[in-house]
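Trainee: Just so you know, the sequences run in chain order G, P and S.
For the first sequence, the numbering used here assigns the number 852 to the last residue and increments by one with no breaks.
For the second sequence, the numbering used here assigns the number 974 to the last residue and increments by one with no breaks.
For the third sequence, the numbering used here assigns the number 231 to the last residue and increments by one with no breaks.
One or more hints might be untrue.
As the list claims (entries may be wrong) - Simulated crosslink set (BS3-like; lysine-lysine; CA at most 25 Å straight-line):
| # | chain 1 | residue 1 | chain 2 | residue 2 |
| --- | --- | --- | --- | --- |
| 1 | G | Lys750 | S | Lys34 |
| 2 | G | Lys204 | P | Lys773 |
| 3 | P | Lys773 | G | Lys173 |
| 4 | P | Lys775 | G | Lys150 |
| 5 | G | Lys663 | G | Lys682 |
| 6 | P | Lys805 | P | Lys775 |
| 7 | G | Lys150 | P | Lys773 |
Keep in mind that the hints were calculated from the coordinates and are not lab data.
All values reported here derive from a predicted model rather than from experimental measurement.
Here is what each chain is made of, one letter per residue.
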Amino acid sequence: MILLRLISYQYVRKHVLRTLLTLTGIVLGVAVFVGMHTANQSVLFAFEKTIDHIAGAAQLQVTAGETGFEEAALERVQAVAGVRVAAPVIEAVAHTNLAGQGNLLVLGVDMLGDRSLRDYDLEGSEEGAIDDPLVFLAQPDSLIVTKPFAERNGLATNSHVMLNTAEGPKQFTVRGVMRAGGLTSAFGGNLAVMDIYAAQKMFGRGRMFDRIDIALNEGVSVAEGSDRLRRALGPGFQVDTPTSRGAQFEAVASVYKVVANITSVCALFIGMFLIYNTFAIAVTQRRAEIGILRALGATEGQVRRLFLAESAAAGLIASAVGVLAGMLLARGMAGYIGAFMGEVYGIAERAQQVSTDPRLVFAALAIGVTTSVLAAAIPARNAARIDPVKALQKGRHQSLGEGESRRRRRLAVGAVAISVICALGKTGPLLYLGYFVTIIAAVLIAPAVGVWLARMLRPALSWLAPVEGALAADSLIQAPRRTSGTIAALMLSVALVTGMGGIARASYTSILTWVDTSLNPDMFVCATEKLTDRSYRFPREVGDQLRRVPGVAAVHEVRVGRIPFRGRPIMLTAIDVAAFHSRAGMPPIEGDPEGMYRDAAAGKGLLVADNLAIIEHLRVGDVVELPTPGGLLRLPVAGVVTDYSDQQGDFLIDLAVYRKYWNDDTVNVFRVYVAPGAKGPDVERAIQAQVGSRQRLFVLTNREVRAYISNVTDQWFGLTYVQIAVAVLVSVLGIINSLTVSITDRKRELGVLQAVGAVRGQIRRTVWIESLTIALIGVLPGLALGALQLYYWLEIARRDISGYRVDYMFPFGIVAALVPVMLAAALAAAIGPAEAAVRGSLVEALEYE
Amino acid sequence: MNKWWAVAVLAASAMAQAQDARGIVEESQRRNRSKSQRYEGTLEVINAKSKVTTKQWEYLRLGDYGDSKAMLRFTEPPEVKGVALLIHNHPDRASDQWMWRPQIGRDQRVALQDRSARFFGTDFSFEDLEERDVNQFDYKLAGEETIDGAACWKLESRPKQSKTSQYTHSFVWIRKDNYVFAQIEGFTKAGLSRRINYREIQQVQGHWTARRLEVLDAKTNSRTVLKLEKLQFDAPIGEGEFTLQALRRS
Amino acid sequence: MIALRGVSKTFDGRRTVTALDNVTLEIPKGDMAAIIGPSGSGKSTLLNLVGGLDRATSGEVAIDGQALGGLADDALTRVRRDKIGFIFQFFNLLPTLTCFENVAIPLHLRGWGRGRIEERVRELLGLVGLEKRLEHLPEELSGGERQRVAIARALSVYPPILLADEPTGNLDTHTGADILALIHDLHDRLGATVLMVTHDRTVAASCPRTILLRDGRVESDERTGA
């Protein structure tokens, strides 16, 4: 590839800035890909290790969903032949009240038996004795913390730590510090160990365990052991290996993965157009050079290979840089994803090591190079077709691609037709095909639409600024090749933002409707500050205490918890259905709107959230089997409703059914309605005074809950803002690229303008106007594509991601904000090129080449 | 002492030579029999780094080998006061044990699987606190040795049911002059696990008994010294002292 | 009046090239001078310096007594805009704009009103005989017509100085003669100072004054009787 060195290198050297800009497109795309996936993998890996560490030597774990089970199960487990050790565990998430420390996973264990499962490698002791084990056991405030946590907070043995408990914030005493390694690396050290019975008391768990960790006798296989345990325990219990818990969580995190992938693909796709643009420009500019090469005997194949090799080299370099940037990005992202998982698990997972999988690096390089080569394919073909004779004639431009653009238009029309057909059909594959084809059509049609729009805009522009405006428009009309890629990239970015914004807006609206109809109590009395935190629960009696508070009209008890359903942790909501329905409801989707509540209230059926129903293919009348500690609970689906209580969807059953099957009468949340005439704040004060004095509780007003929900929704869509940022950045780069080329091409024109009396401000203005016009030309079709894209996304999200059914709604608000942002970005992008335009030598500009 | 629980674990004999071994243990059990026992114990745990922690407990026992009941209550230091262990020994199987922690306010069964755990930070394991009948073990004479200047028989004992003990086998040294236990070594698969020495052997109310026990945890090199004070045999103690209700009274 | 005092211009590259070497010249108002000389003698450089497209390395270029050297870029542009009209060998029309628009550029750049521009452009194009070609694009015109448009553009505000760089260089002899005649005609009618760089002896001969440059120096400065 001597050509590459002799020809390409020189060109690159002459156009350093532009080369860099183009590469930045791939760099960004690859960086996002590597960053997101590395972060994702690292966090998942850390999470799996955490599970591993927490599980210790346990070979099997017995659970009954999140609801826990009665202590008696322990003796049943211990009696099973082949079980060497069975150690009960409670996991509770406690807020530390320490600045920046977030939550702590408190592992309640039975210190007697647990030793043989978990290695509490303690500081300052030989075999891991706690400073005084007797004191540890005797005092319920005893806590063992990890060394990282101790170091972060300056704790040592006998230091005190405040933790929130069911009885309010309580002071705990550090009785031991676990040495680094093993268990301590779980959740980045945000883990503490205490006595399980003390934990039951502190976290209001009654006489329940969350889990029993099991080690088997030698010679008993895991399969054999779990089989025996299952038979001994019945259907309400799950017997799994610790790793399968990680797998369950992975399923929860898969939604996030989908979002990460979409972002990467979008960034790369947009980046592809930047590369296409650069190569298209390069081919035009290097026409003469290519002509000489051809005249010297280079074959078409050699010329094409030259350009493809260039693109491959560029792709490789850019991908390599992108991989490095991605690794850096991953560090930032890991925190974000960790926090996101924290929402699900209760504690933010800190990825200890953000390390990139070599396979991922390889994939990223391959993707980068492929994208680059693909993008360069058409320009390379055009280069190969250059006629050496025409190319060598000075001043004559070979009009390239007339046929190409005709072909493209024809293809685009075909694609539009197909996408319309697909949009009419509603089956899954057709939907994806339709989406794909729509994008293709948009991309194909973008250059033609760009020119058309530029023509439309010309009169307006020349009216606004007769010379600058007209010239800017002409520049776009005359050289569509220069800008088509940028316009396509812009269009896609805008479509991306519009689509995302649309989803966000549609979701908000749907969620608000649900909040209005379903979350209408005046107050929520919770055991924790957060509505979704399920670490603490109330004893049932608190409900009666609340009912006695003057001004309280009604109190509905709610018990929520995840239970395993078809291998996934699904939320179960138990409530007095009749009482609930007398005051609230949930937008019904399927089933008799009144009858469904009657059936559910009578314990003859359950309600399913729409999204869960879609994902699990549940219809009214289908019988759902829920494993409970009291045996298998079989209930027919009485109705499908809109319920956003949980991202995965939930089941709603009557509280009486729950209490019977789970033998658990604790309560997570009380829904409190204020009597007519009573004032909310007064009732709140009365609750705090009468009940809050005996029981730690938090009163959340309806408004606070709404704020919380919109906050959570925001957080969820936070990821999409990353996408938006990437999209805008890529577009800005595209515009800079196009303008840089444009001012080179228009050097002479700009020189003439200056020669005949244009001051620098006027020259700058024409570059700015060109930039704004490019932006406008990209934004307008982008909005149209965004509108279409939103339709497809909502469908795809409903079918395959969340299952949420959201109404189509064009995000006018976001668009209203986006257009000025894009125009401002375009103006910013024009600053550099505009300065370059006024800086050049006039004499040179006017000289004939 | 003639009537120490851990001692009793390892009483017995049988068959020609083995018969002799079993006979020795049976004789030891016979001589050290008493209706009840009470003492106040002072514990000093000296870990490998020579850090010393001191505690006190009060011990009550009613009944005899294989059929006894014992209650152990911590009295010092204040932060552990009231923590208690109730043991019901059985002639044919491992004992039942419950512990009580007043601050947590509930009793808790000590599962069989957990009997090898250290007893509340001492170098005794829960199992070491049991009294077992001679019949739960097989004995074999392993020689004669001198312990603390006294001639002893050295016996090897193995539990008849392996699941009931953390030890695969133990060696027991019994003094020839008064049939009192002088030393016990408990072994696991990994080797020597625990050694108990009986010292300051005196006669109290006609019973030969050690006033000082030294336990060595061979793995951690931590030692516990137990001094028996206010030792009293055959005092009248009611059955009611050894129920779960009594445990919860602490 | 154009005045050059000891003007030198060097280009720094790998080899320093002296394009003009200590040139002193005076071209009085209303004069018409041809600058001739072989390739590389510094003709175009001289014109660029006078037109304010480039700056002298040393010495002083003054237009109507105003030294260009001390002016900022935009001030220089204003001098150019108000006092100088350029005619290029390759016309340098903007290909996407019509004749009308091309001629209108300098007027727009001055911020004239539309009505006034319209009036002036028609007048100018009439002056160069192209009143019928208002809406044509440059590529639809012949070489001579294009140069006429370029001249009309150069005249847009009737500048006192007209600079022409090989105005006939890219035209056939006949058309070249027409354009030359037009320039003479305009010089006579408008009384502008005309400075013309040319290769063409006939063109030079038609001017009352001929300045011969060689190696960046003024070799001769003659006035013919014409």
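Trainee: Given the hinted pair Lys150 of chain G and Lys773 of chain P, is their Cα-Cα distance within 25 Å?
Mentor: With a Cα-Cα distance of about 21 Å, the restraint between Lys150 of chain G and Lys773 of chain P holds, given a limit of 25 Å.
Trainee: Is Lys204 of chain G within 25 Å of Lys773 of chain P, Cα to Cα?
Mentor: This hinted pair is violated, its Cα atoms lying about 35 Å apart.
Trainee: Does Lys805 of chain P pair with Lys775 of chain P here, judged by a C-alpha cut-off of 25 Å?
Mentor: OK: Lys805 of chain P and Lys775 of chain P at ~21 Å, within 25 Å.
Trainee: Would the pair Lys773 of chain P and Lys173 of chain G pass a check requiring their Cα atoms to be no farther apart than 25 Å?
Mentor: Violated. Lys773 of chain P to Lys173 of chain G sits at ~33 Å, over the 25 Å cutoff.
Trainee: Has the given pair, Lys663 of chain G with Lys682 of chain G, been kept, meaning a C-alpha gap of at most 25 Å?
Mentor: Roughly 36 Å between the alpha carbons, so the hint for Lys663 of chain G and Lys682 of chain G is violated.
Trainee: Taken at face value, is the distance from the CA of Lys150 of chain G to the CA of Lys775 of chain P at most 25 Å?
Mentor: holds, 22 Å
Trainee: Is it true that the CA of Lys750 of chain G sits at most 25 Å from the CA of Lys34 of chain S?
Mentor: Violated: Lys750 of chain G and Lys34 of chain S sit about 33 Å apart, past 25 Å.
In this structure, the hints that do not hold are numbers 1, 2, 3 and 5, in rising order.
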